[in-house]
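A.B. asks: Assemble chain B onto chain A, guided by the hints.
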Amino acid sequence: MKFVENFSADDTLDLVCRMCPLHLLEPGEKLKCLKTGQVLEVLTDYDGALEDIPEWCEKCGQEFMGMEEEEDYYKLYIRKTK
Amino acid sequence: MDSVYMDHASATPVRAPVIEAMMPYFDQHFGNPSTVYDIGSNIKNVIEEQREKVAKLIGSKTEQIIFTSSGAEANNLAIKGSVFARQKKGTHIIISAVEHHSVLNSARFFERMDFEVTLLPVDEYGLVAPERLLDAIRPETVLVSIMHGNNEIGTIEPISELSTICKEKGVLFHTDAVATVGNIPVDVNELGVDMLSLSGISLGAPKGIGALYFREKLRLMPLIHGGIQERGRRGGTENVPAIVGLGKASELASEELTDRINHVQELRGILVAGIHERINNIIYTGHPEKRLPGHASFCIEAIEGEALIFMLNQEGIYANTGSACASKALKTSPVLVAIGIPPDLAQGSIVFTLNSSITFEEVEYVLKKLPFAVEKLRSISPVWRKKTAA
Chain A
213 MKFVENFSAD DTLDLVCRMC PLHLLEPGEK LKCLKTGQVL EVLTDYDGAL EDIPEWCEKC
273 GQEFMGMEEE EDYYKLYIRK TK
Chain B
210 MDSVYMDHAS ATPVRAPVIE AMMPYFDQHF GNPSTVYDIG SNIKNVIEEQ REKVAKLIGS
270 KTEQIIFTSS GAEANNLAIK GSVFARQKKG THIIISAVEH HSVLNSARFF ERMDFEVTLL
330 PVDEYGLVAP ERLLDAIRPE TVLVSIMHGN NEIGTIEPIS ELSTICKEKG VLFHTDAVAT
390 VGNIPVDVNE LGVDMLSLSG ISLGAPKGIG ALYFREKLRL MPLIHGGIQE RGRRGGTENV
450 PAIVGLGKAS ELASEELTDR INHVQELRGI LVAGIHERIN NIIYTGHPEK RLPGHASFCI
510 EAIEGEALIF MLNQEGIYAN TGSACASKAL KTSPVLVAIG IPPDLAQGSI VFTLNSSITF
570 EEVEYVLKKL PFAVEKLRSI SPVWRKKTAA
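First to last, the sequence lines map onto chains A and B.
For the first sequence, our numbering gives the first residue as 213, with consecutive numbering after it.
For the second sequence, our numbering gives the first residue as 210, with consecutive numbering after it.
One or more hints might be untrue.
Said to hold, decoys possible - Pairs of lysine to aspartate or glutamate, EDC-like flavour, derived with a Cα cap of 16 Å:
{"no.": "1", "chain 1": "A", "residue 1": "287", "chain 2": "A", "residue 2": "223"}
{"no.": "2", "chain 1": "B", "residue 1": "376", "chain 2": "B", "residue 2": "340"}
{"no.": "3", "chain 1": "B", "residue 1": "578", "chain 2": "B", "residue 2": "486"}
{"no.": "4", "chain 1": "B", "residue 1": "298", "chain 2": "B", "residue 2": "323"}
{"no.": "5", "chain 1": "B", "residue 1": "578", "chain 2": "B", "residue 2": "524"}
{"no.": "6", "chain 1": "B", "residue 1": "499", "chain 2": "B", "residue 2": "349"}
{"no.": "7", "chain 1": "B", "residue 1": "298", "chain 2": "A", "residue 2": "284"}
{"no.": "8", "chain 1": "B", "residue 1": "426", "chain 2": "A", "residue 2": "223"}
{"no.": "9", "chain 1": "A", "residue 1": "287", "chain 2": "A", "residue 2": "253"}
{"no.": "10", "chain 1": "B", "residue 1": "297", "chain 2": "A", "residue 2": "223"}
{"no.": "11", "chain 1": "A", "residue 1": "242", "chain 2": "B", "residue 2": "272"}
{"no.": "12", "chain 1": "B", "residue 1": "426", "chain 2": "A", "residue 2": "226"}
{"no.": "13", "chain 1": "B", "residue 1": "253", "chain 2": "B", "residue 2": "229"}
{"no.": "14", "chain 1": "A", "residue 1": "214", "chain 2": "A", "residue 2": "264"}
{"no.": "15", "chain 1": "B", "residue 1": "426", "chain 2": "A", "residue 2": "253"}
{"no.": "16", "chain 1": "B", "residue 1": "376", "chain 2": "B", "residue 2": "399"}
{"no.": "17", "chain 1": "B", "residue 1": "297", "chain 2": "A", "residue 2": "283"}
{"no.": "18", "chain 1": "B", "residue 1": "270", "chain 2": "B", "residue 2": "349"}
{"no.": "19", "chain 1": "B", "residue 1": "297", "chain 2": "A", "residue 2": "238"}
{"no.": "20", "chain 1": "B", "residue 1": "297", "chain 2": "A", "residue 2": "264"}
{"no.": "21", "chain 1": "B", "residue 1": "426", "chain 2": "A", "residue 2": "264"}
{"no.": "22", "chain 1": "B", "residue 1": "298", "chain 2": "B", "residue 2": "349"}
{"no.": "23", "chain 1": "B", "residue 1": "596", "chain 2": "B", "residue 2": "584"}
{"no.": "24", "chain 1": "B", "residue 1": "298", "chain 2": "A", "residue 2": "282"}
{"no.": "25", "chain 1": "B", "residue 1": "298", "chain 2": "A", "residue 2": "283"}
Stated by the list, open to error - Label-pair restraints from in silico Cβ distances:
{"no.": "26", "chain 1": "B", "residue 1": "247", "chain 2": "A", "residue 2": "214", "range": "28 to 34 Å"}
{"no.": "27", "chain 1": "A", "residue 1": "293", "chain 2": "B", "residue 2": "467", "range": "52 to 58 Å"}
{"no.": "28", "chain 1": "B", "residue 1": "333", "chain 2": "A", "residue 2": "217", "range": "57 to 63 Å"}
{"no.": "29", "chain 1": "B", "residue 1": "498", "chain 2": "A", "residue 2": "219", "range": "52 to 58 Å"}
{"no.": "30", "chain 1": "A", "residue 1": "246", "chain 2": "B", "residue 2": "424", "range": "22 to 28 Å"}
These are computed hints drawn from the structure, not numbers from a lab.
Note that beta-carbon positions come from the ideal geometry of N, C-alpha and C, so glycine has one too.
Chain A extracted, bound-state conformation (with noise of 0.2 Å):
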């Protein structure tokens, strides 16, 4: 796993206290509204996200930039390339 600090994004989906596999899901939506090169921050609790996101990625052609761990939730970072 990557990890980054004070990454700088240019939206948030706060996926905090939803349920698996929403974040799957959303941040398909939420990159259709960025343009090419932004930066989306998706924040979730769930574990399997740490995984999860990293692969989905790779499958859909996101580039997965890395995470940062807060005290309560995960901050997951994704540019959109295409």
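C.D. replies: Chain B in isolation, oriented as in the chain A frame:
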């Protein structure tokens, strides 16, 4: 006259257009909305249309509505969902002393986890004083829940004033609006609430459906874990016919609300004046003006509420004594105790809740039969005998 039903706070008949709207979703459009083929996925759009109708009725955005199985579940989700999501921020919850059991017991549930719950006292009309709320808020307060309209005494709380205090203090504010949505205009933005519960029961929708409004970006821990229905906030396959029923009932309420209010207010006025003319030693509970338009509640001296309900039942009149839950438990209503009604007088509680189907003739019938029932019960009451002999 066969019967007069005046307990619309407990349940309302489902109206014909609502039943008509629901019917195709039992057989013709039966698919599971989570499936990807047409007969299922098309229903997903139907659910979103209903969400829009509910949202329109209370002035919210479509995506701020979660469908639940009842008003009680909406209250549970508001309280437990928001407190669990914010439990590291504090351990203090404030509710009023006149809340429905679904709010009271949800808040008390957290006492087992070392939370503290403050029950705000109310005045003789059941109103929460904003200054009392201000005094009760502490740095560790995470949630305030005060009902919009009281189902037992009809009083409407000053929600926008109370929510303003919470906003200034950075505390979440929830209101149980089960008794008000569909009966008076309700706008979440004017009320300034973070969460609002509503139910199909008082809207002319079927039982088993409710909804929770929540402010954007508010985190809610799901109570029912499962699939990603309700955008991952409530698991379980959607009750599509009931959701369609709630949507249709909301649409009708949006169109007819003013007429409904005018109708029930006029008949309620006749009922209240008529009861005061015909029965002595009786008090009208709740606020005289700030109250639900179709709500008339009384405490009658030297009367046992259950006995009165039973006698009226024999005449084909259906009313209630206290809330449906409290009356079944044969408990003195905590709401009546909170507004300072002495326990013996609180025993004589009777609540009439009218809707737009009630007629003048029905009100007249109640006014004819109620005094007779009261007189009969008082004639065998030792309390009344003692009082009148003195």
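A.B. asks: Taking the hints in turn, state whether each one holds.
C.D. replies: Results for each hint:
{"no.": "1", "hint": "A:287 <-> A:223", "in the structure": "12 Å, holds"}
{"no.": "2", "hint": "B:376 <-> B:340", "in the structure": "14 Å, holds"}
{"no.": "3", "hint": "B:578 <-> B:486", "in the structure": "14 Å, holds"}
{"no.": "4", "hint": "B:298 <-> B:323", "in the structure": "14 Å, holds"}
{"no.": "5", "hint": "B:578 <-> B:524", "in the structure": "7 Å, holds"}
{"no.": "6", "hint": "B:499 <-> B:349", "in the structure": "32 Å, violated"}
{"no.": "7", "hint": "B:298 <-> A:284", "in the structure": "12 Å, holds"}
{"no.": "8", "hint": "B:426 <-> A:223", "in the structure": "13 Å, holds"}
{"no.": "9", "hint": "A:287 <-> A:253", "in the structure": "6 Å, holds"}
{"no.": "10", "hint": "B:297 <-> A:223", "in the structure": "26 Å, violated"}
{"no.": "11", "hint": "A:242 <-> B:272", "in the structure": "15 Å, holds"}
{"no.": "12", "hint": "B:426 <-> A:226", "in the structure": "8 Å, holds"}
{"no.": "13", "hint": "B:253 <-> B:229", "in the structure": "19 Å, violated"}
{"no.": "14", "hint": "A:214 <-> A:264", "in the structure": "14 Å, holds"}
{"no.": "15", "hint": "B:426 <-> A:253", "in the structure": "15 Å, holds"}
{"no.": "16", "hint": "B:376 <-> B:399", "in the structure": "13 Å, holds"}
{"no.": "17", "hint": "B:297 <-> A:283", "in the structure": "10 Å, holds"}
{"no.": "18", "hint": "B:270 <-> B:349", "in the structure": "30 Å, violated"}
{"no.": "19", "hint": "B:297 <-> A:238", "in the structure": "27 Å, violated"}
{"no.": "20", "hint": "B:297 <-> A:264", "in the structure": "27 Å, violated"}
{"no.": "21", "hint": "B:426 <-> A:264", "in the structure": "24 Å, violated"}
{"no.": "22", "hint": "B:298 <-> B:349", "in the structure": "7 Å, holds"}
{"no.": "23", "hint": "B:596 <-> B:584", "in the structure": "14 Å, holds"}
{"no.": "24", "hint": "B:298 <-> A:282", "in the structure": "15 Å, holds"}
{"no.": "25", "hint": "B:298 <-> A:283", "in the structure": "12 Å, holds"}
{"no.": "26", "hint": "B:247 <-> A:214: 28 to 34 Å", "in the structure": "41 Å, violated"}
{"no.": "27", "hint": "A:293 <-> B:467: 52 to 58 Å", "in the structure": "55 Å, holds"}
{"no.": "28", "hint": "B:333 <-> A:217: 57 to 63 Å", "in the structure": "59 Å, holds"}
{"no.": "29", "hint": "B:498 <-> A:219: 52 to 58 Å", "in the structure": "57 Å, holds"}
{"no.": "30", "hint": "A:246 <-> B:424: 22 to 28 Å", "in the structure": "24 Å, holds"}
Hint compliance for this structure: hints 6, 10, 13, 18, 19, 20, 21, 26 are not met, and every other hint is.
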